[in-house]
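Sequence lines, in order, name chains D and Y.
In short: position in the first sequence from 1, add 318, done, that's our numbering.
In short: position in the second sequence from 1, add 1, done, that's our numbering.
These are calculated hints, taken from the structure and not from any lab test.
Just so we're clear, the structure is a prediction, and the values are computed from it rather than from any experiment.
Hints may contain errors.
In silico lysine-lysine, DSSO-like type, Cα no more than 27 Å apart, as pairs [claimed, not checked]: (1) K430/D - K148/Y; (2) K430/D - K41/Y; (3) K386/Y - K430/D; (4) K148/Y - K471/D; (5) K132/Y - K148/Y.
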Amino acid sequence: MASTTATAEPNYFEVSKGFKSWALTLDHKRIGLMYLFGILVSLLVGGAFALLVRIELFSPGETITTAQTYNRFFTLHGAVMIFLVIIPGIPAALGNIMLPIQLGAPDVAFPKLNLMSFYLWCTGAALLVLSIIMGSIDTGWTFYTPYSLDPSKSAAIIPAVFGVFVLGFSSIFTGLNFLVTIHKFRPAGMGWFQMPLNLWALYATALMQVLATPVLGITVLLLFVEHTLHIGIFDPTLGGDPVLFQHFFWFYSHPAVYIMIVPAMGVVSELITTFSRKPVFGYRFIAYSSVSLALLAFLVWGHHMFVSGQSALANMVFSALTFTVAIPSAIKVFNWTATLYKGDIRLQTPMLYALSFLILFTIGGLTGLFLAILATDVHLHDTYFVVAHFHYVMMGSGLVAFLGALHYWWPKFTGRMYPERLGQTCAVGVFIGFNLTFLPQFIMGSRGMPRRYWDYDPEFTLFHRLSTIGALILGISLFVTVVYLFASLKLGRKAPQNPWGGSTMEWQAPTPPTLYNFPEPPVLHELYDYSDLVEDGDNGWVRKSEQAKAKAKES
Amino acid sequence: MADNHDAHGAEGGGGHGHGHGSPFIQHHYDDAKHQFDSGKLGIWFFLTQEILFFSALFVAYILFRAHRPEIFRYAHHYLDVKWGAINTGVLIVSSLTAAWAVRAAQLNQRRILIGCLATTIVCAFGFLGIKYIEYTHKVHEGILFGKKFDPCISSGGAHLITKKNMCEGTKASACSPGDIDQRPDEPGWQVACVAYEVHVKYDMVQGTEDKVTKDPKTGAETTTQVPVTKEQKTEVSRSELPVCQMVSHGAHGPPHPENPPCWEIAQNPNVCKPDEVAALVHYPDEEKRGREVEIDLQCDPAPKATDQGDIFASTSDSGHRFGKPTFVSQSKPSKHDLEMLEAMGPPPEHTNMFFSIYFAMTGLHGIHVLFGIFVFIWLLIRAIKGHFTPEYFGPIDYAALYWHLVDLIWIFLFPLLYLIH
Ligand SMILES: [Cu+2]
Chain D
319 MASTTATAEP NYFEVSKGFK SWALTLDHKR IGLMYLFGIL VSLLVGGAFA
369 LLVRIELFSP GETITTAQTY NRFFTLHGAV MIFLVIIPGI PAALGNIMLP
419 IQLGAPDVAF PKLNLMSFYL WCTGAALLVL SIIMGSIDTG WTFYTPYSLD
469 PSKSAAIIPA VFGVFVLGFS SIFTGLNFLV TIHKFRPAGM GWFQMPLNLW
519 ALYATALMQV LATPVLGITV LLLFVEHTLH IGIFDPTLGG DPVLFQHFFW
569 FYSHPAVYIM IVPAMGVVSE LITTFSRKPV FGYRFIAYSS VSLALLAFLV
619 WGHHMFVSGQ SALANMVFSA LTFTVAIPSA IKVFNWTATL YKGDIRLQTP
669 MLYALSFLIL FTIGGLTGLF LAILATDVHL HDTYFVVAHF HYVMMGSGLV
719 AFLGALHYWW PKFTGRMYPE RLGQTCAVGV FIGFNLTFLP QFIMGSRGMP
769 RRYWDYDPEF TLFHRLSTIG ALILGISLFV TVVYLFASLK LGRKAPQNPW
819 GGSTMEWQAP TPPTLYNFPE PPVLHELYDY SDLVEDGDNG WVRKSEQAKA
869 KAKES
Chain Y
2 MADNHDAHGA EGGGGHGHGH GSPFIQHHYD DAKHQFDSGK LGIWFFLTQE
52 ILFFSALFVA YILFRAHRPE IFRYAHHYLD VKWGAINTGV LIVSSLTAAW
102 AVRAAQLNQR RILIGCLATT IVCAFGFLGI KYIEYTHKVH EGILFGKKFD
152 PCISSGGAHL ITKKNMCEGT KASACSPGDI DQRPDEPGWQ VACVAYEVHV
202 KYDMVQGTED KVTKDPKTGA ETTTQVPVTK EQKTEVSRSE LPVCQMVSHG
252 AHGPPHPENP PCWEIAQNPN VCKPDEVAAL VHYPDEEKRG REVEIDLQCD
302 PAPKATDQGD IFASTSDSGH RFGKPTFVSQ SKPSKHDLEM LEAMGPPPEH
352 TNMFFSIYFA MTGLHGIHVL FGIFVFIWLL IRAIKGHFTP EYFGPIDYAA
402 LYWHLVDLIW IFLFPLLYLI H
């Protein structure tokens, strides 16, 4: 099947050429690729800021820069990584490319809106760059009022918050597009419970994007008018309420964490089943837990404000609700582990990332419970413990899964294999570097090292140095990964149609896919059934039944 | 759910020939219905997003109103219910025509469709026009948010005294500063006083001025010193401006010494010229005092210099030149006036927050109306070109749904902001 269909029609790279054919494309794969390019560049920029922060903290006192500049570094690291990299990472880039193909559909529901989302993303990124030129924000990515109301910072804050506003709408339109696509473009025979788990996760994510992001939109818009018109809603000197900003901000930004983690869970579900050659254990539980995480996400924002003067009752309610988040998260981890059990596990790069995810997410999730407990949170609030916790969730889980997904689908949408050995090495490097960076931060935090500080007591020096060395290992691994991925576009081996033996619909599309993905309508096989798939050397995996058919034809 | 997508692959390019009736059915959809349903679901998600976008402002409204109800009770008097009501009507009409446009497109009635779309656009412009009138009025009167909240307030007045009507001589009650002390304990009184005396010295100053004369023949210029007499005005002293005491009894609690809007009136150069004074003051209790005090609020002109060359204006021998009570009426204040009196104490602290909310909500709503205008103009052009058919009318349907939401939000805003009791 692979050879017969792939040559019949030009793939989506060949179908048209030139700058305009990309800039004005409505093809979801090309839009996804442009997103991917932007996101990888942003990843390197955000990573560079992270390294600058870590290098500054290598020794107490001034190491490479002043406290003022240091504030800008960690702010830009946060803002770039969250708004430009992790939030659009899996949905807008990889989701854009894979969602229609996994559905067996020709495109997303609204291709023009999809292109507009991409340009909104570019505009938002450009505004963040403008903010850097205008002096750069130093408020932290959270823009807390009243600190962020300082009129002397307006020149940098105005473009930054407007950038975040625009990025928010990019995210909303992507989510809206995916929701409609999943509702209206499922092929005949694919009910909700025949969908790959990645689509469930993308659906849950899209739901959060549409329901949470508008609140961020209005919040940063109000911050924008605070600076331009001094409207006063968050300004305590005018009678406004700065804590209201925190409520609005976290009403979005807690779900935002799930916008980063739920799609990661989706791709990890795909990776674990494919690379252990076993159907997913507890399909419905994983599917429902994605949706319940999306709904719970809206009920727990107050756990960011336990020490912001919330009432004791509110604190207790938010604390209790936060514990419930552990239930769907644990359901997923147990089901993935059960899927691995007695599986035929193959440790290729995507699977290494998936296993890293499993470990890092467990650590990140469990340390979240420490912070949900009111008494311990008072001690741990705003320390490195929190920093380590959310990096385990957002980076250790979100970004690691993104890398796993990137390697998994890379051959499909580029048509080239990445260097497997190098990939595995870098995956191990990411895992080691990541843990070396953030495990010491748990210890520092529990001993009282506050976050966002430029200076520290000498007793923390060892931990900070370990952390900085870890960050360098992590940075080098990520940099090498980005380099070899780009290099593989020219030098990589031509990818077969199904290099991993995946059972979902995208592996029936030619590699790379044609303009409308499927020259022939794809066949709906039973989900996660690997019994029919066999390895066939350089041709990757093929279906026994189809091989037999083809042989019969030949003879 | 959608059916299979067999037909798609075979078509390489971007042509529309898919066997679809309307050229506007995009080729990645199965058919017109598939496209329409997808768009409809999309617009519903979009409207959900819009509701959440506004929701934060509604939450802010609820919180501020729950914490500071007196601000809302006080400040809504500044809004003109008449304009708000007219705008509600205008939007409801436009919502009707928007819905009718959908019907017209479904029935292929092109004329009615164009008429309905045009009416919707006209109504939307009307709405924004009225909003423009309201906004400019507020800008003039300093009824804005934050530090720009700087209106003239007569706390005791039966009417809101604003910068504009003050200098036009609107009637309001008045007293002189001494009156406050005379009746501190009487219940039901609300007094705010400003008195302002300026002592100005007008001197006729003798001096010289250079005079240049030009010889018509030679063109040479000669400068001579000529004696001149000029009027010079100097401010000698100024009566101490009383901090505008908001004496309020009964429901409104103790005076607000930190809240001197009347003082600001006197200071505000937009209201009166430097030597002029406006403002003043209170409502007497008819029962107790047996009289009604009123005064014409106007900006008294500064006294003219006399030929003596040297005068003091506004001396005490002429009594209170400014702000002197004039007894013009013996009538009782009307019931409406008394109600207003009840509502209008000294402005509560941070009354400006009401206008933060008001401008944030109505401003965001106005931007949505503006966006709607663009959409409907685009639809009107397409309708004139004849793009819409009973098979393809999705954009009109979606825009109408959007417009209904914009209408609905206003229907919430109108009572929440204008009709507070
Ligand atoms: Cu949270």
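Hint-by-hint comparison with the structure:
1. K430/D - K148/Y: Answer violated: K430/D to K148/Y is near 44 Å, above 27 Å.
2. K430/D - K41/Y: Roughly 16 Å between the alpha carbons, so the hint for K430/D and K41/Y holds.
3. K386/Y - K430/D: The given pair, whose Cα atoms are some 22 Å apart, holds under the 27 Å limit.
4. K148/Y - K471/D: holds (19 Å)
5. K132/Y - K148/Y: holds (22 Å)
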